[in-house]
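Chemist: Turn these sequences into a full structure, and let the hints steer you where they fit.
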Amino acid sequence: ETGVTQTPRHLVMGMTNKKSLKCEQHLGHNAMYWYKQSAKKPLELMFVYNFKEQTENNSVPSRFSPECPNSSHLFLHLHTLQPEDSALYLCASSQVVSGGNTDTQYFGPGTRLTVL
Amino acid sequence: GNSVTQMEGPVTLSEEAFLTINCTYTATGYPSLFWYVQYPGEGLQLLLKATKADDKGSNKGFEATYRKETTSFHLEKGSVQVSDSAVYFCALSEYFGNEKLTFGTGTRLTIIP
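Here the protein sequences line up with chains A and B, keeping their order. The end of the first sequence is residue 116 by our numbering, with every number in the run present. The end of the second sequence is residue 113 by our numbering, with every number in the run present.
The set of hints was computed from the structure by calculation and includes no laboratory data. No experiment lies behind these values; they were computed from the predicted model shown. Hints should not be assumed to be uniformly reliable.
To be verified - Label pairs and their calculated CB-CB ranges: (1) A/116 x B/51: 23 to 33 Å; (2) B/42 x A/44: 14 to 24 Å; (3) B/69 x A/16: 50 to 60 Å; (4) B/113 x A/84: 37 to 47 Å.
Built from N, CA and C at the ideal position, the CB exists for glycine as well.
Modeler: Next comes the structure, spelled out in C-alpha cells:
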C-alpha cells in the first residue's frame, strides 16, 4: 500500500533533541490520524485531524505536537522525549462521509522511533 | 468504554492448517468490526470488515462473521500459507463524529512450511 507514506522510517534521537515525523497521503482523503504502537499494547490513537482541524487529542503529552497544514500532510513534532516514548508511530487517513462519519482508515508503514 | 480482546499469541501453524484467531468485543452501541494485518516492516492493512450483525467479511481466503449474540468476530482461514505470517489486529469503531478505532493487542501468526 503506497497511498500513505511516512518519513523517516527509522529515527534515533536523544532526549534533548527536536525532530519531526512526516506523513503524506495520496488518496484524496480529508481526515488524518497519528497512532502509537508499543510492544504488547494495543494501538493508541493520539490525534485526529478532520479537514485540517484537530478534533481529537487523546490526552497526549505536550512533548508531542501535531501539525496539519493541509489535508494531505500531517506532521508530528517531537521535543524532550523520554525513553518510554520509543515506539512505532503510525499515520492513517480516511475519507469523511455523510453525517461527519468516516470511512475505512488506511495506514502508512510507520516510523520506528528510538529515544536514548 | 469500548474494548477488544483477542487471543494471545504467538500462534504457530503448519502450512495448509486451519486457522482461527478469536476476537471478542465490548461496546456501548452498534460498532463496525475490522481485522487488520501487519506484515513485517509494514503498516496496517485492512483485511476485512463487517458493519452490522450477521455480516460476513471476507478477503484473501480469510473470513469473519459479526456475532452480536456472542459479541465476537473470530478470524478464520481454511488453509494457511507461509505468506500469511503476520500480526493480526481485531478492531472496532463507533461513530462519534470521527471513526475512533479501538484495537486489540494483536496476534502474531507464524506459518511454517
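Chemist: Does each hint hold? Answer for all of them.
Modeler: Evaluation of the provided hints:
no. : hint                     : verdict
1   : A/116 x B/51: 23 to 33 Å : violated (44 Å)
2   : B/42 x A/44: 14 to 24 Å  : holds (19 Å)
3   : B/69 x A/16: 50 to 60 Å  : holds (54 Å)
4   : B/113 x A/84: 37 to 47 Å : holds (38 Å)
Going down the numbered hints, you'll see the structure goes against just number 1.
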